[in-house]
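2 protein chains.
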Amino acid sequence: MTDTVAAVDTETAVLDACRQAKIASRSLATLTRAAKDQALHAMADALVSEAPRIVEANAIDVERERAGGMSSGLLDRLTLTEDRVAAIAGALRYVAGLPDPVGEVRRGSTLPNGLRLLQKSVPMGVVGMIYEARPNVTVDAAALCLKSGNAAVLRGGSAAQHSNEVIVDVLQGALESCGLPRDAVQSIDAYGREGAKVLMNARGLVDVLVPRGGHGLIQTVVKESSVPTIETGEGNCHVYIDASAPTERAVAIAVNSKAQRVGVCNAAETLLVHKDAAARVMPALLEALAAESVVLHGDEATSALAPETVSIVAATEEDWATEYLSLDLAVKVVDSLEDAIDHIQRYTTGHTEAIVTDDINAAEAFSSRLDTAAIMVNASTRFTDGGEFGLGAEIGISTQKLHARGPMGLGELTTTKWIAYGDGHVRP
Amino acid sequence: MTDTVAAVDTETAVLDACRQAKIASRSLATLTRAAKDQALHAMADALVSEAPRIVEANAIDVERERAGGMSSGLLDRLTLTEDRVAAIAGALRYVAGLPDPVGEVRRGSTLPNGLRLLQKSVPMGVVGMIYEARPNVTVDAAALCLKSGNAAVLRGGSAAQHSNEVIVDVLQGALESCGLPRDAVQSIDAYGREGAKVLMNARGLVDVLVPRGGHGLIQTVVKESSVPTIETGEGNCHVYIDASAPTERAVAIAVNSKAQRVGVCNAAETLLVHKDAAARVMPALLEALAAESVVLHGDEATSALAPETVSIVAATEEDWATEYLSLDLAVKVVDSLEDAIDHIQRYTTGHTEAIVTDDINAAEAFSSRLDTAAIMVNASTRFTDGGEFGLGAEIGISTQKLHARGPMGLGELTTTKWIAYGDGHVRP
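Line by line, the protein sequences are chains V and A. Here this note's numbering is used: the first residue of the first sequence is 1065, the next is one more, and so on. Here this note's numbering is used: the first residue of the second sequence is 1065, the next is one more, and so on.
No wet-lab data here; the hints were simulated from the structure. Careful: at least some of the hints might be erroneous.
Copies of one chain are not kept apart here, so a pair can be met inside one copy or by any two copies together.
[As the list claims (entries may be wrong)] Pairs of lysine to any residue residues, derived as SDA-like cross-links and limited to a Cα-Cα distance of at most 25 Å, are as follows: (1) Lys1184 to Ser1173; (2) Lys1184 to Thr1480; (3) Lys1339 to Ala1385; (4) Lys1261 to Thr1284; (5) Lys1184 to Arg1410; (6) Lys1339 to Asp1392; (7) Lys1261 to Ser1290; (8) Lys1184 to Gly1456; (9) Lys1261 to Gln1102; (10) Lys1184 to Asp1406; (11) Lys1339 to Asp1363; (12) Lys1339 to Ile1405; (13) Lys1261 to Val1072; (14) Lys1261 to Gly1172; (15) Lys1184 to Ile1424; (16) Lys1184 to Glu1428; (17) Lys1184 to Asp1101; (18) Lys1287 to Arg1083; (19) Lys1184 to Leu1455; (20) Lys1184 to Asp1422; (21) Lys1184 to Ala1071; (22) Lys1184 to Ala1093.
The shape of chain V in the complex, shown without the other chains:
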């Protein structure tokens, strides 16, 4: 009985939050860039001046999670200090400096009948964000949504509940000080998993859901939501060394793709080497990777070419499908470009694939035939990134095909509206 009552209360409360967000979104939609940027700076100022209160609330979360056995890595991502709060405030000022994604004319023409037609970018309305226990994401999400004219309904991890509630309260105060509605940014952390489920099914109130986090979180949101969702981020990325690949370039790109940063979605997880290049390139490749402490999972042909100083773990079928997110790399010799494409088509998550080649035909076949968000020709997989692509703030990297594919900037938090101007036009 109590459970049912609580469930009904949660549903009412979360739907009510979404409704208030929808109302707030109407005032946000027509704000000028100046008004939005002023609010972003006010939010940054408020975070800095309220940093002690935020750090205090965060300490409660950190203590509880430490006692509960959270790993030191996750505890570090959860922890806020006054310096970290200042850095987060800096991110708000950065977003204020980005162009306004709203009001851009995407297409337009005068039709044969004289009707003047425009397609303009407009805010989505209400954006739901579901993410894990990193309080900085709360601020990022609020900033990106505000800049794109959207209201935000946020569900962070329960581990960061105190931190998020204080942060949202501070941001709401700053919004009010600028004459904007508090309800433009709301947290539903207090309603737990049940609240998240209500958010995922608030069709008509929530216009888009953006999950940010690990595989499990994203798959849950994608499967359980009836609200349209943007799927982000799994990356089983490949680097293919073609027959014609210069050795030095092959080594540089393979090492950078795997080891420049570990645990990111655009890092390489499998290296494929054309058999005609293998004898020439493989020893140098394996040596350079081993020098970066990469654990190499190779097929038999790879093992046969490995220098004595480099040890190779025998690769299994599972390795080809694994996104290690660590200093591990699967390595395989392929018979041809065709074989490389077939292998990638079978195992890719559709994020990024790179080819190292001097052969224009190989580059064209690789880039046109693989069905993936990004192709790098003679460049590291690590370039698939909103910042590197010049999109400004990155909301995530979409591996789905609907709406956005690859790095998403502020523009991907907008939709469009057609406006037609006539002088009494009717259809004959």
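Could you slot chain A onto chain V? The hints should help.
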């Protein structure tokens, strides 16, 4: 036991069809426009030469449905004659004449580090279409998918099962005669509702689902699918007559929006009249609408202004929310532009709203504040249409905000791919 076995068989068969479609989609993705157009013409030729076989299969469907009590309107939409088959073949040739939506460079730049970046349009891959018993949609869907480089998995109404199976067989023969894979166009009608459910959840195999049909069909697909879906078509469209609206223009646009064609999603369903214009405009408006046999559901203020010859049915709350799709129209006097916007925000399905005005401020407020796919300023709601907007073939009119909003052309059946060209670029 038998049911379970059948369910397993259906799942295997439909997933297998999707897998074959995925394989076929890889050859379609890199076809030239010339090859696609040649196939479209071959499909048209085959439909014409096989018309007798198609009409014969269709007669079985029509007979069964007639015996089953299908209404004459639906029977007419189901029925094929040789002339109708020829008209459908003509639609294929029309699609052949449209520009190729694949390979368009959407964005591109040279990054500060010299990496040359392009964002190109590419096919989605496998498009699922779920629609009602109109065999012409089978051909339309196959044509639009082929032109956009996608494989199509089609689920038409069970009432058109024989017709669709023969049509798909004819189209597959034409594909083969051009050296293209049969599996590029497949029907899963034989697997009934269970098959449709498998299609709706074939994540990873089906890239996008496009439902075409009535409210019930679209809502079912949107709610039950885990595959990304494009929602099309409900239109509770409004025409607002502003205080400054010239009488003649107001009458022309209101009549055209309601009565130029009945039963279409871009027809008006509610007319709102500013109180300061009501005494001047309303009698002429109501008379002109009544002359077109429009049944008027009015509020009290409307009734008070109606000429004696025009009868008004008292409007209820339900009228404001109804998409009649008939010669009915709800009519209301509003106190202000604000009231009109509030009313529309409450009842709109987000399709199209029109304003008739001479006041630039009213036009701007109306077009910027309403959250809807299309706004008509001094033009009929009937212009929200892919053909009218110059998009060529129309796949549907999206009332969702993700991916596409408003009339969708071939371009909306594509996604994008980023391609970066370097000469050994690595991230520092």
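Against the structure, the hints:
1. For a Cα distance limit of 25 Å, the shortest separation of Lys1184 from Ser1173 qualifies both inside one copy, at 12 Å, and across copies, at 22 Å.
2. Taking the shortest alpha-carbon separations for Lys1184 and Thr1480, both the intra-copy value of 5 Å and the inter-copy value of 20 Å come in at or below 25 Å.
3. Within a single copy, Lys1339 and Ala1385 get their C-alpha atoms as close as 21 Å, which meets the 25 Å cut-off; across copies the closest is 67 Å, which misses it.
4. In the homo-oligomer, the alpha carbons of Lys1261 and Thr1284 lie at most 25 Å apart both inside one protomer (10 Å) and across protomers (19 Å), since each shortest distance falls under that limit.
5. In the homo-oligomer, the alpha carbons of Lys1184 and Arg1410 lie at most 25 Å apart only across protomers (23 Å), although the nearest pairing inside one protomer, at 39 Å, exceeds that limit.
6. In this assembly of identical chains, Lys1339 and Asp1392 lie within 25 Å of each other by CA distance solely inside one copy; the values are 22 Å within and 72 Å between copies.
7. For the homomeric pair Lys1261 and Ser1290, the shortest alpha-carbon distances inside one copy (10 Å) and between copies (15 Å) are both at most 25 Å.
8. In this homomeric assembly, Lys1184 and Gly1456 come within 25 Å of each other (Cα to Cα) both inside a single copy, at 20 Å, and across copies, at 20 Å.
9. Neither within a single protomer nor between protomers do Lys1261 and Gln1102 lie at most 25 Å apart by alpha-carbon distance, with minima of 34 Å and 49 Å respectively.
10. Taking the shortest Cα distances, Lys1184 and Asp1406 sit within 25 Å of each other only across copies (22 Å), while inside one copy they are farther apart (41 Å).
11. Within a single copy, Lys1339 and Asp1363 get their C-alpha atoms as close as 12 Å, which meets the 25 Å cut-off; across copies the closest is 80 Å, which misses it.
12. In this homomeric assembly, Lys1339 and Ile1405 come within 25 Å of each other (Cα to Cα) only inside a single copy, at 14 Å, whereas the closest approach across copies is 67 Å.
13. With identical chains, the CA atoms of Lys1261 and Val1072 are at most 25 Å apart within one copy only, with a shortest distance of 12 Å there and 30 Å across copies.
14. Taking the shortest alpha-carbon separations for Lys1261 and Gly1172, neither the intra-copy value of 40 Å nor the inter-copy value of 39 Å comes in at or below 25 Å.
15. Taking the closest pair of Cα atoms, Lys1184 and Ile1424 come within 25 Å of each other only across two copies (18 Å); inside a single copy the shortest separation is 39 Å, beyond that limit.
16. Taking identical chains as interchangeable, the C-alpha atoms of Lys1184 and Glu1428 lie at most 25 Å apart only when they sit on different chains, with a minimum of 13 Å there against 34 Å within one chain.
17. Proximity of Lys1184 and Asp1101 under a CA criterion of 25 Å is satisfied intra-copy only: 21 Å inside one chain copy versus 32 Å between copies.
18. In this assembly of identical chains, the alpha carbons of Lys1287 and Arg1083 lie at most 25 Å apart whether taken from the same copy (24 Å) or from different copies (21 Å).
19. Proximity of Lys1184 and Leu1455 under a CA criterion of 25 Å is satisfied in both settings, with 19 Å inside one chain copy and 16 Å between copies.
20. Taking the closest pair of Cα atoms, Lys1184 and Asp1422 come within 25 Å of each other only across two copies (22 Å); inside a single copy the shortest separation is 42 Å, beyond that limit.
21. Taking the shortest Cα distances, Lys1184 and Ala1071 never come within 25 Å of each other, neither inside one copy (40 Å) nor across copies (47 Å).
22. Within a single copy, Lys1184 and Ala1093 get their C-alpha atoms as close as 13 Å, which meets the 25 Å cut-off; across copies the closest is 30 Å, which misses it.
Comparing the model with each numbered hint stated earlier shows that hints 9, 14, 21 do not hold.
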